[in-house]
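*Asks:* Chain by chain, the residues run as shown.
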Amino acid sequence: MRLRDVVAGANASMYYRTDFRRIKAVYYPQTERDAVEAIAKAREMGYDVTPKGAGSGLSGACTGGNRDRVIITTLRMNRVLSISPDHTYADVQPGATPDEINAVLAPSTMRFHVTPSSRDVATVGGMLSTDSGGNDAWLHGTMRDNTLRAKILTYDGKQIEVGREGVRCEDTSLEDDLNRKALTLNDIADAHGLLGFVTELRLALKPIGDETVMAGLVECTDISELGSVVQDIISAKIPVTYGETVIYAHPDIRGSLNPPLLVLEFPEAHLRDLQSITRLRMLTREELAELKDIRLKLAKRTPKRGLQISLFEDYGFYGHNLSRLQERVERIDSYLREHSFEPLAKYGHAPTKWYMGDNTQANGIIMHSNEIKQPRQSSSDVFETAMGLVRLCEELGVTPKPEHKWIYSDYAKLARIRELREVIGGGFNSFILDPDCGAVLSTMIQ
Amino acid sequence: MLTTTKRAQKKRSEMTFEKCVRCGSCMKICPIFDAMGEEQYSPRGKLYLLQVMDKVESDPELAKEFRRLLFQCAMCGRCTDVCSSDVDLLRIWHEQRARAIKDAPQEFAYLGALEKSLENVKNIYGLSPEDRAVYWLDELEQEIPNLRKRVFPEAKTADVVVFLGCLMSFRASQVDVLRALFKSLEILKVDYLVLGAEEFCCGHPLDLMGDEAGAKKLRTHNKRVIKQTGAKQLITCCPGCLSQLQNNYNFTGIEVLHHTQFFDRLLQSIEPYKQTEEFTYHDPCELHRICNVKTEPRSLLKKMGVQFRELELSCCGGGGLLRMTDPNLSDKIQQLRAAREKLSSTTVITACPACREQLLGNNLKTKDIIELLVTCLSEAKG
Ligand SMILES: Cc1cc2nc3c(=O)[nH]c(=O)nc-3n(C[C@H](O)[C@H](O)[C@H](O)COP(=O)(O)OP(=O)(O)OC[C@H]3O[C@@H](n4cnc5c(N)ncnc54)[C@H](O)[C@@H]3O)c2cc1C
Ligand code: SF4
Ligand code: SF4
Numbered sequence: 009m010r011l012r013d014v015v016a017g018a019n020a021s022m023y024y025r026t027d028f029r030r031i032k033a034v035y036y037p038q039t040e041r042d043a044v045e046a047i048a049k050a051r052e053m054g055y056d057v058t059p060k061g062a063g064s065g066l067s068g069a070c071t072g073g074n075r076d077r078v079i080i081t082t083l084r085m086n087r088v089l090s091i092s093p094d095h096t097y098a099d100v101q102p103g104a105t106p107d108e109i110n111a112v113l114a115p116s117t118m119r120f121h122v123t124p125s126s127r128d129v130a131t132v133g134g135m136l137s138t139d140s141g142g143n144d145a146w147l148h149g150t151m152r153d154n155t156l157r158a159k160i161l162t163y164d165g166k167q168i169e170v171g172r173e174g175v176r177c178e179d180t181s182l183e184d185d186l187n188r189k190a191l192t193l194n195d196i197a198d199a200h201g202l203l204g205f206v207t208e209l210r211l212a213l214k215p216i217g218d219e220t221v222m223a224g225l226v227e228c229t230d231i232s233e234l235g236s237v238v239q240d241i242i243s244a245k246i247p248v249t250y251g252e253t254v255i256y257a258h259p260d261i262r263g264s265l266n267p268p269l270l271v272l273e274f275p276e277a278h279l280r281d282l283q284s285i286t287r288l289r290m291l292t293r294e295e296l297a298e299l300k301d302i303r304l305k306l307a308k309r310t311p312k313r314g315l316q317i318s319l320f321e322d323y324g325f326y327g328h329n330l331s332r333l334q335e336r337v338e339r340i341d342s343y344l345r346e347h348s349f350e351p352l353a354k355y356g357h358a359p360t361k362w363y364m365g366d367n368t369q370a371n372g373i374i375m376h377s378n379e380i381k382q383p384r385q386s387s388s389d390v391f392e393t394a395m396g397l398v399r400l401c402e403e404l405g406v407t408p409k410p411e412h413k414w415i416y417s418d419y420a421k422l423a424r425i426r427e428l429r430e431v432i433g434g435g436f437n438s439f440i441l442d443p444d445c446g447a448v449l450s451t452m453i454q
Numbered sequence: 008m009l010t011t012t013k014r015a016q017k018k019r020s021e022m023t024f025e026k027c028v029r030c031g032s033c034m035k036i037c038p039i040f041d042a043m044g045e046e047q048y049s050p051r052g053k054l055y056l057l058q059v060m061d062k063v064e065s066d067p068e069l070a071k072e073f074r075r076l077l078f079q080c081a082m083c084g085r086c087t088d089v090c091s092s093d094v095d096l097l098r099i100w101h102e103q104r105a106r107a108i109k110d111a112p113q114e115f116a117y118l119g120a121l122e123k124s125l126e127n128v129k130n131i132y133g134l135s136p137e138d139r140a141v142y143w144l145d146e147l148e149q150e151i152p153n154l155r156k157r158v159f160p161e162a163k164t165a166d167v168v169v170f171l172g173c174l175m176s177f178r179a180s181q182v183d184v185l186r187a188l189f190k191s192l193e194i195l196k197v198d199y200l201v202l203g204a205e206e207f208c209c210g211h212p213l214d215l216m217g218d219e220a221g222a223k224k225l226r227t228h229n230k231r232v233i234k235q236t237g238a239k240q241l242i243t244c245c246p247g248c249l250s251q252l253q254n255n256y257n258f259t260g261i262e263v264l265h266h267t268q269f270f271d272r273l274l275q276s277i278e279p280y281k282q283t284e285e286f287t288y289h290d291p292c293e294l295h296r297i298c299n300v301k302t303e304p305r306s307l308l309k310k311m312g313v314q315f316r317e318l319e320l321s322c323c324g325g326g327g328l329l330r331m332t333d334p335n336l337s338d339k340i341q342q343l344r345a346a347r348e349k350l351s352s353t354t355v356i357t358a359c360p361a362c363r364e365q366l367l368g369n370n371l372k373t374k375d376i377i378e379l380l381v382t383c384l385s386e387a388k389g
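In the order they appear, the protein sequences are chains D and L.
So the first sequence is residues 9 to 454, counted in the numbering used here.
So the second sequence is residues 8 to 389, counted in the numbering used here.
Be a bit skeptical, because a hint or two may be false.
Stated by the list, open to error - For lysine-lysine, the following BS3-like pairs were computed, each having C-alpha atoms within a straight-line distance of at most 27 Å: (1) L:239 to L:223; (2) D:32 to L:71; (3) L:163 to L:234; (4) D:300 to L:301; (5) D:166 to D:32; (6) L:310 to L:281; (7) D:300 to L:35; (8) D:305 to L:26; (9) L:26 to D:312; (10) D:305 to L:301; (11) L:26 to D:300; (12) L:35 to D:159.
These aren't lab readings, by the way, just hints derived from the structure by calculation.
Please read all numbers here as calculations on a predicted model, not as lab measurements.
Given these sequences and hints, build the entire structure.
*Replies:* Below, the structure written as structure tokens:
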């Protein structure tokens, strides 16, 4: 046992106190060949494989639970392999981050348009596996919308290529079987690594818009007004290029913010449409940059006393829940307070879009939430509260329940993954499918 | 009464590493992670290990490995800069280093020699304290005739005290910078003196080892001598010394400045520099991040009309005692940068003797800003 094994448990979720003695090996492949070899070693030893990107995911899936396992991290597989001659797509290794990809693209006018707040570290392999989205998802979609194909290694070392329409594989019988099951990128998106190890992605590139954009701040009197504004923008199909909301910020971290508020960047041609929906205070370029920075950092801000914790990511409000946003958020907050968690921040992408476990699309607000945890709160208090939130969301119709970062309770997705693993095989992140997954996770909370 | 566990828990919760939300933003910007590529070398990795230390420290081998990891850090402060979660990483590294040396002094015998040298002869090289004003004085005396009279205690008082620091006092590779500094001060008729043998190490290396008591002894002496000179300003070319003098000396009535600050204030306009080579500018970490001196070096270059390419705000690999604790890693950091930022075809302008050593050691061309300035001032003087 070396520290390189112990440290493989480092991740942004509240599930980080892993039983590292059960991490049997850690690999940092640099090429697909290295990854094939690492998986072969795991197979020879009979261990499950846990793919890990940057560990910025909030579900705890990249820890591998507490099975005997091998962790394969993609931190050293971060090269942009090639850019198509017409600059419409790039082939990249799974450990590349959006920032790294866009730095390579900087001399051109093309960009990769998935911008989660964690874009400085989140890897595209991890992002596809959680169907990540960012402040421009409303316009450009989530990771699945921006991925043209993914190369994936199965536990028995086969390479499959999954596209939007289906699968290609040298093993034609596997190819036929998977195509019969209609495996597409929609299944890999959000699969939390359960369907194999992503070794390469072909990502769609789009031009930086050349229209003049403007920025405005919507300051709302209450949270429901904010929900209604977002609803109206969605109905009017206004192509907002950047949309972020701050619903609540604790005094410790609020600074000059005055939530609830919405920061929007949009084409000049749509100014009137927006003004017909809401009052906009126009923002200068500097003011916008400052607000963007504040918002970006909000996810990481910590309270003066107690520790920041993210009980789960995220709350998806869409449809009628948008106009009842105030009541919904109040229910969530009073539940949190009943369990002695003080809300720290609520913020997120809006308007935005995402996909449910059955691949239907939802439009609305994805609200990230952080709470303050006091030292007296035990790991089981924390876990029970998180589970209670899952149930509450189900009751309130806040979906996806609770969205794409929490595969453990998305039953449609889980059923589909089980079905596909019968053909493709298992061997990756199997703990998620174990009946005691929750119990295991609860032991990993501080 | 608090039980031992509760007390331990309370103490732990007060430590700022507990605030780390493990977001990973400090990972890719860390030069050590960049060079090594594995997570245990990254700031997040190390903080994570602290967060699960109760599980780690029961294994003596892991605890030993962790102590070594703490010294595989250039103390460049980039992680502290990027963190939005109020984690004071640099402070944590200082505290943990001190703890590591206290817990297992036998593992740090190689640092013991440095500590001894600082205790006995007050410099990092183990040379006689008298030699502080010998090498460079021998070299420069002919060119700057009054220089000997500028050395304390022969010079008793002055408006400005120059604090050279160990590197600049003893290393031949620094003489060109000293020449430029003294000549500039002479041309501008500044009333200055140099502390000479009465200057002790500023305490920075001991601070980096977490030896607060040792650093304090050196500070007390330096403070007393500096006070005697009656100076109103203290200038140094070394950002490491500057960080100590500014942050740990608590001077009253004496302004502590980096040489770039001093000259930038003094000179409204400067004769243009006759540039014949391609320049890049490297921000010394301790100057830029720890002492927050960002604009003055650029302002001076602008006043001289120097064209240069900005480099990434990354470390040269020479800080945090890394040259002693892991010289190969220190070189690797510089080599990676040199290749990535195409440094071999340029002259790297900087303003730090330690960065200079690191660049020269890797066969790169470098100049201190003061070397450019002195040519402009000499030109103007005719
Ligand atoms: C401060 C902060 C802000 C965030 N903001 C956003 C946001 O705006 N939008 C958003 O969508 N998310 C956000 N997230 C969540 C997180 O960044 C995303 O879920 C991201 O996609 C995870 O990427 P990763 O590389 O860190 O993956 P990891 O956390 O390492 O892994 C996530 C999952 O993917 C699997 N996986 C990783 N790599 C591979 C691979 N090569 N092959 C197969 N499976 C793999 C893992 O096993 C795991 O199940 C945020 C997180 C933080 C800490
Ligand atoms: S940036 Fe700060 S919060 Fe994020 S991992 Fe580093 S130290 Fe922790
Ligand atoms: S101080 Fe610099 S070298 Fe040390 S951990 Fe932070 S970024 Fe890395």
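*Asks:* Quickly compare the C-alpha distance for residue 166 (chain D) and residue 32 (chain D) to 27 Å and report which way the hint goes.
*Replies:* The hint holds at about 23 Å.
*Asks:* Keeping to a limit of 27 Å between CA atoms, is the pair of residue 26 (chain L) and residue 312 (chain D) held or broken?
*Replies:* 10 Å, holds
*Asks:* Can the restraint linking residue 35 (chain L) and residue 159 (chain D) be considered satisfied, given a maximum Cα separation of 27 Å?
*Replies:* This hinted pair holds, its Cα atoms lying about 25 Å apart.
*Asks:* Hint check: residue 305 (chain D) vs residue 301 (chain L), CA-CA at most 27 Å. Holds or violated?
*Replies:* 23 Å, holds
*Asks:* Take a quick look at whether residue 32 (chain D) and residue 71 (chain L) sit within 27 Å of each other, Cα to Cα.
*Replies:* 21 Å, holds
*Asks:* Under the criterion that the straight-line Cα-Cα distance not exceed 27 Å, is the pair residue 26 (chain L), residue 300 (chain D) satisfied?
*Replies:* Satisfied, since the Cα-Cα distance of roughly 23 Å is no more than 27 Å.
*Asks:* Are the Cα positions of residue 310 (chain L) and residue 281 (chain L) separated by 27 Å at most?
*Replies:* Satisfied, since the Cα-Cα distance of roughly 13 Å is no more than 27 Å.
*Asks:* Has the given pair, residue 305 (chain D) with residue 26 (chain L), been kept, meaning a C-alpha gap of at most 27 Å?
*Replies:* 14 Å, holds
*Asks:* With a cut-off of 27 Å on the C-alpha distance, tell me whether residue 163 (chain L) and residue 234 (chain L) pass.
*Replies:* 11 Å, holds
*Asks:* CA of residue 300 (chain D) to CA of residue 35 (chain L), is that 27 Å or under?
*Replies:* 21 Å, holds
*Asks:* With the threshold set at 27 Å, check whether the alpha-carbon distance from residue 300 (chain D) to residue 301 (chain L) stays at or below it.
*Replies:* 24 Å, holds
*Asks:* Check whether the Cα positions of residue 239 (chain L) and residue 223 (chain L) lie no farther apart than 27 Å.
*Replies:* 22 Å, holds
No hint from the list above goes unmet by this structure.
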